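**Q** Spelled out from the first residue to the last, the chains are:
Protein chains: 4
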Amino acid sequence: MIHFDTDYMEGAHPQVMEQLMKTNLVQTPGYGCDEYSKRAKELLIARCGLDNKAKVFFLVGGTQTNATVIDGLLSHHEGVLAATTAHINVHESGAIEASGHKVLTLPSHHGKVKTEEVEEYISSFYADETYEHMVVPGMLYISQPTEYGTLYSKEEMTELHRICKKANIPLYMDGARLAYALGSPENEVSLEEIAHLCDVFYVGGTKCGLLFGEAVVVPQGETTLPHFFPLVKQHGALLAKGRLQGVQFETLFRNQLYEEIGVHAVRLALKLKEAFVNRGYQLHIDSFTNQQFVVLPNEIMDRLGEEASFEIWGARGVKETIVRFVTSWATKEEDVDRLIELLPTR
Amino acid sequence: MIHFDTDYMEGAHPQVMEQLMKTNLVQTPGYGCDEYSKRAKELLIARCGLDNKAKVFFLVGGTQTNATVIDGLLSHHEGVLAATTAHINVHESGAIEASGHKVLTLPSHHGKVKTEEVEEYISSFYADETYEHMVVPGMLYISQPTEYGTLYSKEEMTELHRICKKANIPLYMDGARLAYALGSPENEVSLEEIAHLCDVFYVGGTKCGLLFGEAVVVPQGETTLPHFFPLVKQHGALLAKGRLQGVQFETLFRNQLYEEIGVHAVRLALKLKEAFVNRGYQLHIDSFTNQQFVVLPNEIMDRLGEEASFEIWGARGVKETIVRFVTSWATKEEDVDRLIELLPTR
Amino acid sequence: MIHFDTDYMEGAHPQVMEQLMKTNLVQTPGYGCDEYSKRAKELLIARCGLDNKAKVFFLVGGTQTNATVIDGLLSHHEGVLAATTAHINVHESGAIEASGHKVLTLPSHHGKVKTEEVEEYISSFYADETYEHMVVPGMLYISQPTEYGTLYSKEEMTELHRICKKANIPLYMDGARLAYALGSPENEVSLEEIAHLCDVFYVGGTKCGLLFGEAVVVPQGETTLPHFFPLVKQHGALLAKGRLQGVQFETLFRNQLYEEIGVHAVRLALKLKEAFVNRGYQLHIDSFTNQQFVVLPNEIMDRLGEEASFEIWGARGVKETIVRFVTSWATKEEDVDRLIELLPTR
Amino acid sequence: MIHFDTDYMEGAHPQVMEQLMKTNLVQTPGYGCDEYSKRAKELLIARCGLDNKAKVFFLVGGTQTNATVIDGLLSHHEGVLAATTAHINVHESGAIEASGHKVLTLPSHHGKVKTEEVEEYISSFYADETYEHMVVPGMLYISQPTEYGTLYSKEEMTELHRICKKANIPLYMDGARLAYALGSPENEVSLEEIAHLCDVFYVGGTKCGLLFGEAVVVPQGETTLPHFFPLVKQHGALLAKGRLQGVQFETLFRNQLYEEIGVHAVRLALKLKEAFVNRGYQLHIDSFTNQQFVVLPNEIMDRLGEEASFEIWGARGVKETIVRFVTSWATKEEDVDRLIELLPTR
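From first to last, the protein sequence lines stand for chains U, F, Z and W.
Residue numbering for the first sequence follows my numbering, beginning at 5 and increasing consecutively.
Residue numbering for the second sequence follows my numbering, beginning at 5 and increasing consecutively.
Residue numbering for the third sequence follows my numbering, beginning at 5 and increasing consecutively.
Residue numbering for the fourth sequence follows my numbering, beginning at 5 and increasing consecutively.
No lab work stands behind these hints, which were simulated from the structure alone.
Check before you lean on any hint, since a few could be wrong.
The list treats identical chains as one, so a pair stands whether inside a single copy or across any two.
Once the Cα atoms are required to be at most 30 Å apart in a straight line, the calculated BS3-like pairs of lysine-lysine come out as [what the hints assert, rightly or not]:
no., residue 1, residue 2
1, Lys57, Lys170
2, Lys158, Lys169
3, Lys57, Lys169
4, Lys118, Lys26
5, Lys336, Lys26
6, Lys42, Lys170
7, Lys277, Lys26
8, Lys170, Lys323
9, Lys169, Lys277
10, Lys57, Lys158
11, Lys118, Lys277
12, Lys170, Lys277
13, Lys42, Lys323
14, Lys277, Lys57
15, Lys158, Lys323
16, Lys336, Lys42
17, Lys170, Lys26
Only a predicted model underlies this, so the values are computations on that prediction, with no experimental measurement involved.
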């Protein structure tokens, strides 16, 4: 059986595990006040081209990170703008609302929000005479790559940045799979650029080589997110052994491991995509990152399912079904080749 | 100046005020443990054709009532299904989310949800392999009449009841303007029928003749909403002088006042609607209740606005604008006639 | 039967009712955007000696007001300091916590916090090495008079003001029964002084002559409580017919009605207290306002209970019980005299 | 420098790390649906002497676990009884309140609640005439060992169980350091007994040999905690790579590792305690587990601090200070011996 279900089917990248082993018995203070965390934060800030105003916080998982950051950015009367397909709107069991905030939805264009629609939402909002009875758009949430593997172009990112500045609301990027955006040949926005266009973003570790861990980067530090430490604790997102994220992120960013992980996974995903297209399958979405969404006739899907695992996207269709194939740092080229072999030409 | 902005521009119906005056110096215990409240609840339960299992709770306003009832009905992991245009989704400043619950939106058909779409949402939800990461549809919210003045037919109500029973979730009706549904010639669903089709609903007082006050009716009482009293208190919805709602609702339901209020307002609204149609205006929605939505050319709207007040629905358009005219128990026929007089034929 | 249970056993002061009747059919816009509300706010601001930076918000009830103000003043990681006996800590069904905030308790000295203990709490807090894992004291809640009828002296108020300024946290006063503090011969702190010592306070209407309604005064306006209007709506505390509080508060403050109400009730309460003392009863607390707390032998309590009603404070004791007697604007002197007559000398 | 600050200064027990390494590249489904998690749960259920009704959930950290379990157990109007010194009341940054629930405090007796005081609280609560305005005691939180290293006896546990059953509220035990209770020579309550006396408890991993991870055990499964999985997700406590806790807990419970860890740490802690006593120091608390609390003259504390690290408990005192020394699975006997050597006799 070969597996393409998700990008979190293994433990951590061997270099990361090695470093966890090596440092295992070193004694450090808890809650991220250790040297590993300090160095990892410095590395990340430097890689983002930021100065010492910037702050980095290590959290554990994605849903938790989104809920905590959004709770920190929003005032009581504000909500978060996001595409209807956004992870925070669909797959987080209501974590945002459980913290008291509404997700204000915009149409999803293959996972992306359209810049004009963001701008229009905000201006219509304030044009409505009853707006004081409505939830104020208090921030914008985007993901790069999106939940559908699509990417914001540099022009789009610059435009979203401008719109948010004009509306005086923060722009937040969910980077759960950021390595797989940065590793895409179609990617136009570098980590440095992200750090200058977003008010807050996170560099995802869980899906990009770590056991777990997400690094929240706040370029303007406490100006943007004051008193964030106690909020992290309150959200149950503060790891006692904070050094674990320190050690792991230091490994990712000391050399080019983070970049290599992205490039590897995307290359294999695009190889797979090419095979699907060549064999006559319809792509559900034209993704240039590590997630590929294909429409499979149910019969073929079932046969394939005997030798490979993957995720049904939504519910099984009557005749054909949307299926997701995911690669990661851990995907072996031979498994991709084997999957391609199994694919009948339509 | 004549006013058609809303149905809460005056104080209370004169009979209600008279009763408040008459009882003003009577001493009663607080928090609704008084004889007026007791009698008002009995009257309402009888009028609904319910037995002594039923409970009635008096709250103060609509947003508060929705937030408290929904908080009471939902478990932590559940959300409330509602039309995108539902009051709880648009005009309650995020009160539902502030209590920790997500509003799960369904397409709005002139304010109504479509029965098939409700059923489809629920079955798709459970067909999705990842549903345990998503907010469970834990109840259905509807309003009668809707925020757009439209009405659910008996068939639709029966169907919604069936779907909710099948899914084992409560059906909740927001009756902020219920008198104006019951008073409509197009209405098919009586108060008794509502009480047998809904798990919880409220009979709105604020917009139907009272100073304030909403009566939450729970046909199966504590089976449906256990420990609701402390929740009402927690939501800040428990009035110290609870007798005030008792006195007011007793007046509404002792005779036929509630019914008369509805009939009066709807008759005048339909008179106005007929005039709009006859003069060639486009209805935004074909409403049979006390709210009428018309598309007015901006020029005409502005001229009319010099002698009459009404509400712009959403934002002002470029050339024409959707405008809402509302009647109530207090609307005078002469004001309606004067408004009609002012309307140029197109 | 004569009643001393609470100060909310009747409707509203006759002058208030008269005004509600007189204005009943006047048409106004909703949600407090009416002329009555505007004038009432101006009157209150003038009476407090404040300038046009000040803002006044009308809410409906006390628990609601506390929950909304505290939610507005606190950031996510902060809690509210209060005496263990504070209304917000005991009798609000967890409304503060339901909004996500912890009540940080200080010892109660007959309902009051001790200035030194407030200061000590704050300095100990920041001296604790683990304070970033603890809830930050983000504001101070006091009530005047307290839930036990006691009063803060001018010196105490000045000191609390100084401590809060130093700690950079707002001082909030719950004035549910403020009229009965201002009307006490022992009171040292005028409404003007309160307005200059507190960051937010409310002038209670429900217990001081109105049907309902609490006026939140914010001397520094939006600097202290930005975006408070949508929060009021979100908490279900925005009355559709906001003019009702406008009309009522205008009546209270147009002349000296508010002052007269306080003086009347306190005079009768002190007459009652004197009788208790003269007849040999032990005061549970030496109150100079409209609530009197007396220790009654159960036998006497039960006998008294046949002709008069009052509230057991907490639970019935084995041999004797603490009992509360409350007067109000509506208390008749003859009822007080009758109660005194019924009291056996011990 | 030798370290006694906390029991989470290292990574994981070498056997745990070894197992994580060995399984690192095995591919598994996410979110705990893997074979390691399944086996670990079975082992734990068997060790607790429970049947297949029991459920185990793996979460990440202690604060998160408490917040999620308490949120799952309480209804909206209920609060959690706990000692004033309870972790949930002091050191969780308001996580319980952020989920909407009040902590109802009982006096702390060296970290423990007194059985009579629990019973008295509950009976007084319902004897109070105004109890419907107060937060209902909806569950009892205890910790074993407590935050002060003390232990509940078998008699006390049996009594707490009885009181909770009688009041029909669940008894929840925080077992963050449970191994160090079970490993104490003074311990009277076995894991099996805990599993039969508590409604929910957790077996802490973070402080007892794992990188992270807490195992929530629910003896009666869904009867006690229905729909807990989505709540775990909502609280951001669901790890994508759930297998990590599976692998770790399987290692702890496959053999006797969990027991050995406890015995080792407690033996060294008691050796240290004996030395303190023998040298004339005052114990702040007589603890029989891995945390020792001693009163040190500031001069001695400062000198000791040059060669050893430990935690100041609360704030530094004027002349002497309460200090905490903690041992763990990782503490070396030579470090304890060295610390003892450094201690001057008083």
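**Q** When no copy is named, should Lys118 and Lys26 be tagged within, between, both, or neither for a Cα gap of at most 30 Å?
**A** neither (47 Å within a copy, 46 Å between copies)
**Q** For Lys277 and Lys26, with the copy left unspecified, which applies at a CA distance of at most 30 Å: within, between, both, or neither?
**A** Cα proximity of Lys277 and Lys26: none, with 39 Å in one copy and 33 Å across.
**Q** Should Lys336 paired with Lys26 be assigned to within, between, both, or neither, using CA atoms and 30 Å as the limit?
**A** both (26 Å within a copy, 19 Å between copies)
**Q** At most 30 Å between alpha carbons: which applies to Lys118 and Lys277, within, between, both or neither?
**A** Intra 25 Å, inter 39 Å, cutoff 30 Å: intra-copy only.
**Q** For Lys57 and Lys169, with the copy left unspecified, which applies at a CA distance of at most 30 Å: within, between, both, or neither?
**A** Intra 19 Å, inter 28 Å, cutoff 30 Å: intra and inter.
**Q** As a check of your reading, is Lys336 near Lys42 (CA-CA no more than 30 Å) within one copy, between copies, both or neither?
**A** between (34 Å within a copy, 27 Å between copies)
**Q** Quick one: Lys158 to Lys323, C-alpha cut-off 30 Å, is that within a copy, between copies, both, or neither?
**A** neither (38 Å within a copy, 36 Å between copies)
**Q** Using 30 Å as the alpha carbon limit, work out where Lys42 and Lys170 are close: within a copy, between copies, both or neither.
**A** For Lys42 and Lys170, the Cα distance exceeds 30 Å both inside one copy (34 Å) and across copies (33 Å).
**Q** How would you label the pair Lys57, Lys170 (within, between, both, or neither) given a Cα cut-off of 30 Å?
**A** For Lys57 and Lys170, the Cα distance is within 30 Å both inside one copy (23 Å) and across copies (27 Å).
**Q** At most 30 Å between CA atoms: does that hold for Lys57 and Lys158 within a copy, between copies, both, or neither?
**A** Answer is within; shortest intra-copy Cα gap is 25 Å, inter-copy 44 Å.
**Q** Within, between, both or neither: how does the pair Lys170, Lys323 come out at a Cα-Cα threshold of 30 Å?
**A** between (47 Å within a copy, 27 Å between copies)
**Q** If the cut is 30 Å between Cα atoms, do Lys277 and Lys57 qualify within a copy, between copies, both or neither?
**A** neither (42 Å within a copy, 45 Å between copies)
Against the hints set out earlier in the document, violations occur for numbers 4, 6, 7, 9, 12, 13, 14, 15 and 17.
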